[in-house]
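2 protein chains.
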Amino acid sequence: MSASISPLAPKSYPEMPEIAGARIGVAEAGIKYKGRKDLLVMVFDEGTAVAGVFTRSRCPSAPVEFCRRNLSGGKARILVVNSGNANAFTGRKGREATSLTAEAAARAAGAEPDTVFLASTGVIGEPLEAGRFTHLLGELAAGAEAGRWEEAARAIMTTDTYPKFVTASARLGDCTVTINGIAKGAGMIAPDMATMLSFVATDAPIAAPVLQDILAKATAKTFNAVTVDSDTSTSDTLMLFATGKAAERGAPWITDAKDSRLSPFKRALGKLLKTLALQVVRDGEGARKQVEITVTGAKSARSAKRVALSIANSPLVKTAVAGEDANWGRIVMAVGKAGEPADRDLLSIWFGDIRVAFEGERDPGYSEEQASDYMRRDEISIRVDLGLGRGSATVWTCDLTKEYVAINGDYRS
Amino acid sequence: MSASISPLAPKSYPEMPEIAGARIGVAEAGIKYKGRKDLLVMVFDEGTAVAGVFTRSRCPSAPVEFCRRNLSGGKARILVVNSGNANAFTGRKGREATSLTAEAAARAAGAEPDTVFLASTGVIGEPLEAGRFTHLLGELAAGAEAGRWEEAARAIMTTDTYPKFVTASARLGDCTVTINGIAKGAGMIAPDMATMLSFVATDAPIAAPVLQDILAKATAKTFNAVTVDSDTSTSDTLMLFATGKAAERGAPWITDAKDSRLSPFKRALGKLLKTLALQVVRDGEGARKQVEITVTGAKSARSAKRVALSIANSPLVKTAVAGEDANWGRIVMAVGKAGEPADRDLLSIWFGDIRVAFEGERDPGYSEEQASDYMRRDEISIRVDLGLGRGSATVWTCDLTKEYVAINGDYRS
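As you go down the protein sequences, you meet chains A and B in turn.
Residues 1 to 413 in our numbering are what the first sequence spells out, letter by letter.
Residues 1 to 413 in our numbering are what the second sequence spells out, letter by letter.
Keep in mind that a hint or two might mislead.
Since the list can't tell identical chains apart, any single copy or any two copies may satisfy a pair.
Derived pair list, reagent style DMTMM-like, types lysine to aspartate or glutamate, alpha-carbon separation capped at 20 Å [unchecked claim]:
1) Lys93 to Glu15
2) Lys75 to Glu248
3) Lys37 to Glu150
4) Lys402 to Glu324
5) Lys32 to Glu368
6) Lys274 to Glu139
7) Lys34 to Glu248
8) Lys274 to Glu126
9) Lys274 to Glu379
10) Lys271 to Glu126
11) Lys93 to Glu359
12) Lys217 to Asp256
13) Lys75 to Glu139
14) Lys93 to Glu65
15) Lys217 to Glu28
16) Lys274 to Glu324
17) Lys266 to Asp45
18) Lys402 to Asp325
19) Lys299 to Glu103
20) Lys75 to Asp385
21) Lys93 to Asp345
22) Lys75 to Asp114
23) Lys274 to Glu46
24) Lys258 to Asp174
To be clear, the hints were calculated from the coordinates, so they are not data collected in a lab.
Produce the entire structure from the sequences given, and follow the hints as far as they go.
Quick look at the structure:
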């Protein structure tokens, strides 16, 4: 783990309310880290629906393959997450570890095996000794409590420098429902995937297929629009659990994704996922600045997102931001290499409100001093207008600093 | 420019022979750098054929657009290269600068305007004041000499820490012909392009269409198989000039790319381009290690190259190499994110001769100590077998160090 907390850490954290029907237990299993919690169990009441989005890696971890299989049932009773070892690229041993964990978890929750979900994060390629923690699951599940969300967020951290958790509420019919979410980063963060690890729970009564539909849509503009280093983990997992307990207080059961009563919930979920995604970016390994990149005027939204990601993933752009250098020439380079339609002589570029380039040339009113001044901020906004069409997209990233190299060159050794 | 010379710099340099029909002049024009040569002129005798490969950026520099237009004529009389300013994203002013330079160059060489070629390298987005050096071209061309290849290599450097030049010879019919080449790096180096800047000249009598054919083919496995940071320059240019002077010594005129007498020349050119490409990689900004990545067992050669580049461009792989960490889990990650066919449980991975992973698991004989020992070398070789088919590819890159970030965070400021 990194020694010092990111300067972009939240200034304050919310009080996390309880989610009726969801209980949390954490423990110190000593999987890799010493002197800290590295095991999380979430137990859900019967009737809990589940949705999930996972990495698009062609070499996913054993837990990701396990979750994909169980997701089709749409029901969840227990989630087990360990940090310190990703159980990825562990072959037959990896499948044995997920089987052992799942059996112990099902026993602990008194539930069917196909209602168990697992996630692992940490080093890749080393066998996970499930025996180190399977004996703890019974006690953890029995002692789980509803109000331990911050502890849950801390137990899943790896190189994160701060815990990531957030809460939201929304009207559903005549009732207010609650949504809680936790996440962990902090390297191997790039779209083309679900996300790192993030677990969200709500008491809203929403059927599993509807839950899956709204989660997938909300992911595209949140977790799949952030990138730290363009590297996609084998283990990225985002899961959403709906206990349905708010039905006891009069909330309506939602079984149709087009149900208009769902709109406030969708908005609240989208905002919550965006907050978590940005907390991940702001804790990108070595990050000192948050960078928002908006591309407008593209031929399509898809094209805009590809150009935006080409900028966000360019090492030369990211090091320039780290050096507080308004080097918009590198933005042009990144637009050019994206392979998407672009006409150099129609390009305009802004840093914040400062237009630095207009119609393919340096802006006549460009002031190096003004632009450099802007670059000293913690939050940098870059906008590129391609001048070709109406497609637009926004993505978020962080700068690339010497600390990123230090953290990732020394992670295992 | 960087303060210290890369530890991977060549231990020795070749004596550069003359290329009959090609003469070189260099000067200090003060475009950006002080106290060093930043202007190169190559003058070619009448009858010189030319070929070129350029960046695939959608936002190419003004000189790249200029060269593409003149290339169709197939004839070259003069090449002008400046360092310090790339004349890229300079709009109308950029085209004015190339026009002014081209007119002055044509006058200087007493040649037609469509036999002029231009290249610029350095900062993007700042207008190039051609007036700073156009008045020098007449004298430079008049005083150009055949034996100044090392000076030429030095005049085109930007953040390069050492000059890049190499020579080769080949049989052509009953005659020996010579090939000289120079290049410059050192950031924004990635395939999907021709290359940074590289200029190669030979006295072999080869027709322009044949020259273009063999240059394009040789590029795929040399300059287009290296990457420093995945960033593609707006200015990448590789040109090959053939003066044909060896015909006076009895070399045959080659007008057909399939002419079997051309085989030794093709091999020599390929080797020369690979040497230059590796010199560029070994001088990648902040580079401390050269990394060769070979992917075998892919569904196709194209698929193998995409997987190899995914590994070569992964910040997490590159920082692990910098940290001398045999972190093969990150290789798996990079295979997984490439989006190409891969089966986790068929993967095998080697560092040098050490097999670290076999059929999707850590190799039973894996020794952390042995692998760590290997990682201390200057030249690291990584091989991945996908176990799916017969496609293979090799690419080269360097490690990602704190110095890369330092160089690129401070380049302009």
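(message) One pair to classify: Lys75 and Glu248, alpha carbons no more than 20 Å apart. Within, between, both, or neither?
(response) Answer is within; shortest intra-copy Cα gap is 19 Å, inter-copy 84 Å.
(request) Tell me, please, which holds for Lys402 and Asp325 at an alpha-carbon limit of 20 Å: within, between, both or neither? (result) The answer is both: 15 Å in one copy and 17 Å across copies each meet 20 Å.
(message) Cα distance capped at 20 Å. Does Lys274 pair with Glu324 within a copy, between copies, both, or neither?
(response) Neither: 26 Å inside a chain and 36 Å across chains, both beyond 20 Å.
(request) Go through the copies and call it for Lys217 and Glu28: within, between, both or neither, with a Cα cutoff of 20 Å. (result) Answer is neither: 36 Å inside a copy and 58 Å across each miss the 20 Å cutoff.
(request) Have a look at Lys75 and Asp114 and pick one of within, between, both or neither, based on CA distance no larger than 20 Å. (result) within (8 Å within a copy, 72 Å between copies)
(request) Pop the pair Lys34 and Glu248 into one bin, within, between, both or neither, using alpha-carbon distances up to 20 Å. (result) neither (42 Å within a copy, 78 Å between copies)
(request) Measure nothing new, just compare the shortest in-copy and cross-copy C-alpha distances for Lys93 and Glu359 to 20 Å and report within, between, both or neither. (result) between (58 Å within a copy, 12 Å between copies)
(message) Within a copy, between copies, both or neither: which one fits Lys299 and Glu103 at a CA-CA cutoff of 20 Å?
(response) For Lys299 and Glu103, neither the intra-copy (51 Å) nor the inter-copy (38 Å) Cα distance is at most 20 Å.
(request) Go through the copies and call it for Lys75 and Asp385: within, between, both or neither, with a Cα cutoff of 20 Å. (result) Result: close neither inside a copy nor across copies, 45 Å intra and 39 Å inter.
(request) Can you give me the call for Lys93 and Asp345, within, between, both or neither, at a CA distance of at most 20 Å? (result) between (56 Å within a copy, 11 Å between copies)
(request) Classify it for me, Lys266 with Asp45: is the Cα-Cα distance of at most 20 Å met within a copy, between copies, both or neither? (result) neither (23 Å within a copy, 71 Å between copies)
(request) Please work out whether the CA atoms of Lys37 and Glu150 approach to 20 Å or closer within one copy, between two copies, in both situations, or in neither? (result) within (12 Å within a copy, 61 Å between copies)
The structure does not agree with the numbered hints 1, 6, 7, 8, 10, 13, 15, 16, 17, 19, 20, 23 stated previously, though it agrees with the rest.
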